[in-house]
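Residues per chain, in single letters:
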Amino acid sequence: MVGPLLKGLRITFTHLFKPAFTVKYPYEKLDVHPRWRGKHVLKVDEEGREKCCYCGLCEAVCPANAIRIYGEEAPPEKSDVGKIAAIYEIDYRRCIFCGFCEEACPRGAIVLTPYYELAEPEREKLLRTKEDLLEKR
Amino acid sequence: MGMVKVTIDGITVEVPENATILQAAMKAGVDIPYFCYHPYLKPAGLCRMCLVEVEGMPKLAPACVTQVRDGMVVRTNTERVKKVREGIVEFQLLHHPLDCPICDQAGECYLQDITFRYGRATSRFVDEKELYPTKFYGPLIVHEQSRCILCKRCVRFCTEVLNGADWNVYWRAAHSLIGSYESDKVANYFTCNLVEVCPVGAITSRLYRYKTRIWKLEFTRSVCEHCEMGCSLDLGVRENQLFKIKHRMADPSPWICDKGYYAFDYVNHAERILYPLARQENKMVSVEVEDAVSSIADKLKNYGEGEVAFILSPSLCLEDAAAVSSMAKAVKGLVDYRVYGEDYLPVKGNVSDIEDVESAKAVLVVGGDVAVSHPVLALSILKAKNAGAKVGVLSAHDIFLGERVDVFSLLPAGSEEPLIKELLDGNVDAIPDLSDEERSCLKDMLSGELLLVAGVRASSALRAAIYSRSKEKGWKYLFLDRGCNAKGLYSAGAYSEGVGEILNRVKEGKVKALVVAGVDLFNTYPNGSLVKEALESAEFLVVMDLFFHDTAMYSDFFLPITSFAEDGGSVVDLFWRVRRRNPAMQPKGLSRPVRDWLALIGEAMGADVDSQGQVAETGWDPLQAKAELLEVKGNTVALVEHAFYRSARYASWCSRFSEVAESPCAYISEDDAKALGVSDGDKVLVSGKGGKFEFVAKVREGQPKGSIVIDAGFDRFPVTLLLNGSWVAPVELRKA
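Chains as they are written, first to last, in the working numbering: chain A, 1 to 137; chain B, 1001 to 1736.
Same shape as in the complex, but just chain A:
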């Protein structure tokens, strides 16, 4: 009866003298994998035109119903095909970071980045609009 207890304690004590696995998170950060699925970015091309043309596939494929889009006509300096998303919202209260949106996108317009620090003090702020999501150049 004492045997298993001692066995457990031995593991505990050996780990006390080994280096820690964890890091002091807000001060130190771990490197994540480059293909980590974190916050979304709406890409723009070399000329600053939005890639997203609201085909609606990400919205349709999203298993958590986290994406909401409306489209509009756009001038050539904003889009090479004349159509952009007027509203593009991702609700991070719902998003499960499955990456299906990225997979479905025919134009590589939506990409999940390794950026994972999405926590917010208020729930409403987790609803990210196009302004937050659009890639800055």
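Just so you know, these hints were derived from the structure itself, not from any lab.
Heads up, the beta-carbon is just placed ideally off N, CA and C, and yes, glycines get one too.
It is possible that part of the hints are untrue.
Said to hold, decoys possible - Derived Cβ-Cβ restraints for the label pairs, each shown as a range:
{"#": "1", "chain 1": "B", "residue 1": "L1098", "chain 2": "A", "residue 2": "E120", "range": "39 to 45 Å"}
{"#": "2", "chain 1": "A", "residue 1": "T129", "chain 2": "B", "residue 2": "K1683", "range": "47 to 53 Å"}
{"#": "3", "chain 1": "B", "residue 1": "T1122", "chain 2": "A", "residue 2": "K24", "range": "53 to 59 Å"}
{"#": "4", "chain 1": "B", "residue 1": "D1166", "chain 2": "A", "residue 2": "R94", "range": "47 to 53 Å"}
{"#": "5", "chain 1": "A", "residue 1": "T129", "chain 2": "B", "residue 2": "R1080", "range": "52 to 58 Å"}
{"#": "6", "chain 1": "B", "residue 1": "D1166", "chain 2": "A", "residue 2": "R35", "range": "55 to 61 Å"}
{"#": "7", "chain 1": "A", "residue 1": "T129", "chain 2": "B", "residue 2": "T1159", "range": "47 to 53 Å"}
{"#": "8", "chain 1": "B", "residue 1": "I1011", "chain 2": "A", "residue 2": "T129", "range": "53 to 59 Å"}
{"#": "9", "chain 1": "B", "residue 1": "E1130", "chain 2": "A", "residue 2": "Y25", "range": "55 to 61 Å"}
{"#": "10", "chain 1": "A", "residue 1": "T129", "chain 2": "B", "residue 2": "R1124", "range": "42 to 48 Å"}
{"#": "11", "chain 1": "B", "residue 1": "T1122", "chain 2": "A", "residue 2": "G99", "range": "24 to 30 Å"}
As the list claims (entries may be wrong) - Lysine-lysine pairs mimicking DSS-like chemistry, simulated, CA-CA at most 27 Å apart:
{"#": "12", "chain 1": "B", "residue 1": "K1332", "chain 2": "B", "residue 2": "K1301"}
{"#": "13", "chain 1": "B", "residue 1": "K1211", "chain 2": "A", "residue 2": "K130"}
{"#": "14", "chain 1": "B", "residue 1": "K1473", "chain 2": "B", "residue 2": "K1390"}
{"#": "15", "chain 1": "B", "residue 1": "K1135", "chain 2": "A", "residue 2": "K51"}
{"#": "16", "chain 1": "A", "residue 1": "K39", "chain 2": "B", "residue 2": "K1211"}
{"#": "17", "chain 1": "B", "residue 1": "K1216", "chain 2": "A", "residue 2": "K51"}
{"#": "18", "chain 1": "A", "residue 1": "K51", "chain 2": "B", "residue 2": "K1211"}
{"#": "19", "chain 1": "A", "residue 1": "K130", "chain 2": "B", "residue 2": "K1216"}
{"#": "20", "chain 1": "B", "residue 1": "K1135", "chain 2": "A", "residue 2": "K78"}
{"#": "21", "chain 1": "B", "residue 1": "K1299", "chain 2": "B", "residue 2": "K1283"}
{"#": "22", "chain 1": "B", "residue 1": "K1348", "chain 2": "B", "residue 2": "K1471"}
{"#": "23", "chain 1": "A", "residue 1": "K51", "chain 2": "B", "residue 2": "K1129"}
{"#": "24", "chain 1": "B", "residue 1": "K1216", "chain 2": "A", "residue 2": "K125"}
{"#": "25", "chain 1": "A", "residue 1": "K136", "chain 2": "A", "residue 2": "K43"}
{"#": "26", "chain 1": "B", "residue 1": "K1216", "chain 2": "A", "residue 2": "K39"}
{"#": "27", "chain 1": "B", "residue 1": "K1633", "chain 2": "B", "residue 2": "K1735"}
{"#": "28", "chain 1": "A", "residue 1": "K125", "chain 2": "B", "residue 2": "K1211"}
{"#": "29", "chain 1": "B", "residue 1": "K1348", "chain 2": "B", "residue 2": "K1390"}
{"#": "30", "chain 1": "B", "residue 1": "K1507", "chain 2": "B", "residue 2": "K1301"}
{"#": "31", "chain 1": "B", "residue 1": "K1211", "chain 2": "A", "residue 2": "K136"}
{"#": "32", "chain 1": "B", "residue 1": "K1633", "chain 2": "B", "residue 2": "K1692"}
{"#": "33", "chain 1": "B", "residue 1": "K1698", "chain 2": "B", "residue 2": "K1674"}
{"#": "34", "chain 1": "B", "residue 1": "K1390", "chain 2": "B", "residue 2": "K1361"}
{"#": "35", "chain 1": "A", "residue 1": "K39", "chain 2": "A", "residue 2": "K78"}
{"#": "36", "chain 1": "B", "residue 1": "K1216", "chain 2": "A", "residue 2": "K78"}
{"#": "37", "chain 1": "B", "residue 1": "K1705", "chain 2": "B", "residue 2": "K1443"}
{"#": "38", "chain 1": "A", "residue 1": "K125", "chain 2": "A", "residue 2": "K43"}
{"#": "39", "chain 1": "A", "residue 1": "K78", "chain 2": "B", "residue 2": "K1129"}
{"#": "40", "chain 1": "B", "residue 1": "K1083", "chain 2": "B", "residue 2": "K1129"}
Position chain B relative to chain A; hints supplied.
What follows is chain B alone, placed relative to chain A:
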């Protein structure tokens, strides 16, 4: 008709002997893909997508144009057919831009579906695709030639149904292009059908362009509110916004008009009033529902018999009308719906269905532009013509139907009705400007079986004449009313002496409180100055509507009501059939149907408001009409008519739709134009009783001298000021 037995993929079906293989396959439940076949257009055999193997035929046969034979054996699931389908799809996609991500048709596109089911995964075409720029034909339709598969459905619609319109194929073979020869606008009232028949995204609606995706919309079946035809519509709603209207059920007609298809975006308009308003110190301020209801109830309670009047839009639903009638009874008030100054009530025609119109032997349209008031009926009349009927149009104003029929004359606006009366009495020579051929045709029509269609402008006296003459001769007759539910309002008893009488009594102070529901009287009643005086002298005015229009400017209370998309009411159509609407969306803000407001007010007053409407068994008897035929004399007589693209309900708030009618036009005769020295497109001034208005002159062939037709319905353009109770008035015409 004999029936024959056909076997398709082992399934034997019995079909009429003039059926095609495709129709037989539909009956057997065998899927044959097609692009160019349309159930209401003639088969064309253009796309070759429906090729099938027929036993005994060496080559594959196009199913849409091959007639069945008894004992025919058809196979659609063989290797050969599969290979051909793959080939056809590959050909169709040769120059297709494959821009489904931005195409509005994606999700309901035949080409997408058929490629997915029958096409190859890859194309072997390596050269550069031939692409064309996008073309906008007016504010309503967008044409993308690159996406076109040349099925010619749109062109066939224009030639077969519209009997010719400026829309055709030009160039040849692989270089064929679809489009309009002459203009960058498609100018007819049925352009939406081009969008509806297009199986791919080549012709799309500009209203819906890029806004949302079709699979996000939830469709609810409803009934159109713009005229009495009662076309069944499917309203596409997303997040309580109406985005698209589709016409999926051929009821009453497989076609639809631009009003029904495009004039709906007022439902989402930002200017819509969604909260009750009350006048406080000459300002309208938002108030609580309870406060508004109790204040209105307190006010209405104080009025005695005949001191309250209700004026309703002829487009309110039957239940609303019943509620208003019962409220009017409770307060012993007056009620009327004839806001266009009509002196007639709905007459039950002896035509029971649209098929009776389409199978008529001869049709004569008098007293109104049917294509504006009941557009789909005009298409049915054309269908009758194409089936061999003689069709005549005798009217003071006509744009669409007249130039497509056998007998057409533009009558002088002032003496339109006496001339038609003379014609009905048998004097064909009374009608001016007819060729001998037309005259003899008209004589034939009058001597045989005839369907007389009385337009919305025809007064009660003319209606009485038509009615009695038709009874005498055994003709069929059809009387048209304004608004989408005049028959329903008549059934609910929502009529008294006429709106003109009510307004006069308000002006004289006999009627003190007025409730106006769903209508801007300045736009509809043909005497703007009377409306103004009446509204100014009304002690208490409640307006129930969607928008804060000119009539609402005078109101003490404004109650927001629901649009047709939010309300499940019923309407009575031209053939006295009850059509029920389904609510497609939640009421916006605090808006609610008229009947609900009245129920609340009734409750606060202690009156019982009943909204159970019954459809009347019989119509009004026009022989009771006491009025004289309308005759207006003067050097220049003007007929005021709402332009088609301004005649829809709430057209001012339908942005793209009303843009088509750019500026108000005056149709003048060649003689008058010469005398004034104006030509097409010049400005003319029309002055009359209530003011001066500037119009763009349109010189029209056949327009009688001294008679003009001017457009109404434009924003901040109250031409009703020129009128004096009827839509025809003497005016002065000058060059601007």
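Hints and how they fare:
{"no.": "1", "hint": "B:L1098 with A:E120: 39 to 45 Å", "verdict": "holds (40 Å)"}
{"no.": "2", "hint": "A:T129 with B:K1683: 47 to 53 Å", "verdict": "holds (48 Å)"}
{"no.": "3", "hint": "B:T1122 with A:K24: 53 to 59 Å", "verdict": "holds (54 Å)"}
{"no.": "4", "hint": "B:D1166 with A:R94: 47 to 53 Å", "verdict": "holds (51 Å)"}
{"no.": "5", "hint": "A:T129 with B:R1080: 52 to 58 Å", "verdict": "holds (55 Å)"}
{"no.": "6", "hint": "B:D1166 with A:R35: 55 to 61 Å", "verdict": "holds (57 Å)"}
{"no.": "7", "hint": "A:T129 with B:T1159: 47 to 53 Å", "verdict": "holds (49 Å)"}
{"no.": "8", "hint": "B:I1011 with A:T129: 53 to 59 Å", "verdict": "holds (55 Å)"}
{"no.": "9", "hint": "B:E1130 with A:Y25: 55 to 61 Å", "verdict": "holds (59 Å)"}
{"no.": "10", "hint": "A:T129 with B:R1124: 42 to 48 Å", "verdict": "holds (44 Å)"}
{"no.": "11", "hint": "B:T1122 with A:G99: 24 to 30 Å", "verdict": "holds (26 Å)"}
{"no.": "12", "hint": "B:K1332 with B:K1301", "verdict": "holds (11 Å)"}
{"no.": "13", "hint": "B:K1211 with A:K130", "verdict": "holds (16 Å)"}
{"no.": "14", "hint": "B:K1473 with B:K1390", "verdict": "holds (18 Å)"}
{"no.": "15", "hint": "B:K1135 with A:K51", "verdict": "holds (23 Å)"}
{"no.": "16", "hint": "A:K39 with B:K1211", "verdict": "holds (26 Å)"}
{"no.": "17", "hint": "B:K1216 with A:K51", "verdict": "holds (21 Å)"}
{"no.": "18", "hint": "A:K51 with B:K1211", "verdict": "holds (17 Å)"}
{"no.": "19", "hint": "A:K130 with B:K1216", "verdict": "holds (19 Å)"}
{"no.": "20", "hint": "B:K1135 with A:K78", "verdict": "holds (20 Å)"}
{"no.": "21", "hint": "B:K1299 with B:K1283", "verdict": "holds (19 Å)"}
{"no.": "22", "hint": "B:K1348 with B:K1471", "verdict": "holds (13 Å)"}
{"no.": "23", "hint": "A:K51 with B:K1129", "verdict": "holds (22 Å)"}
{"no.": "24", "hint": "B:K1216 with A:K125", "verdict": "holds (25 Å)"}
{"no.": "25", "hint": "A:K136 with A:K43", "verdict": "holds (9 Å)"}
{"no.": "26", "hint": "B:K1216 with A:K39", "verdict": "holds (25 Å)"}
{"no.": "27", "hint": "B:K1633 with B:K1735", "verdict": "holds (22 Å)"}
{"no.": "28", "hint": "A:K125 with B:K1211", "verdict": "holds (26 Å)"}
{"no.": "29", "hint": "B:K1348 with B:K1390", "verdict": "holds (24 Å)"}
{"no.": "30", "hint": "B:K1507 with B:K1301", "verdict": "holds (21 Å)"}
{"no.": "31", "hint": "B:K1211 with A:K136", "verdict": "holds (25 Å)"}
{"no.": "32", "hint": "B:K1633 with B:K1692", "verdict": "holds (20 Å)"}
{"no.": "33", "hint": "B:K1698 with B:K1674", "verdict": "holds (12 Å)"}
{"no.": "34", "hint": "B:K1390 with B:K1361", "verdict": "holds (7 Å)"}
{"no.": "35", "hint": "A:K39 with A:K78", "verdict": "holds (23 Å)"}
{"no.": "36", "hint": "B:K1216 with A:K78", "verdict": "holds (25 Å)"}
{"no.": "37", "hint": "B:K1705 with B:K1443", "verdict": "holds (25 Å)"}
{"no.": "38", "hint": "A:K125 with A:K43", "verdict": "holds (22 Å)"}
{"no.": "39", "hint": "A:K78 with B:K1129", "verdict": "holds (24 Å)"}
{"no.": "40", "hint": "B:K1083 with B:K1129", "verdict": "holds (23 Å)"}
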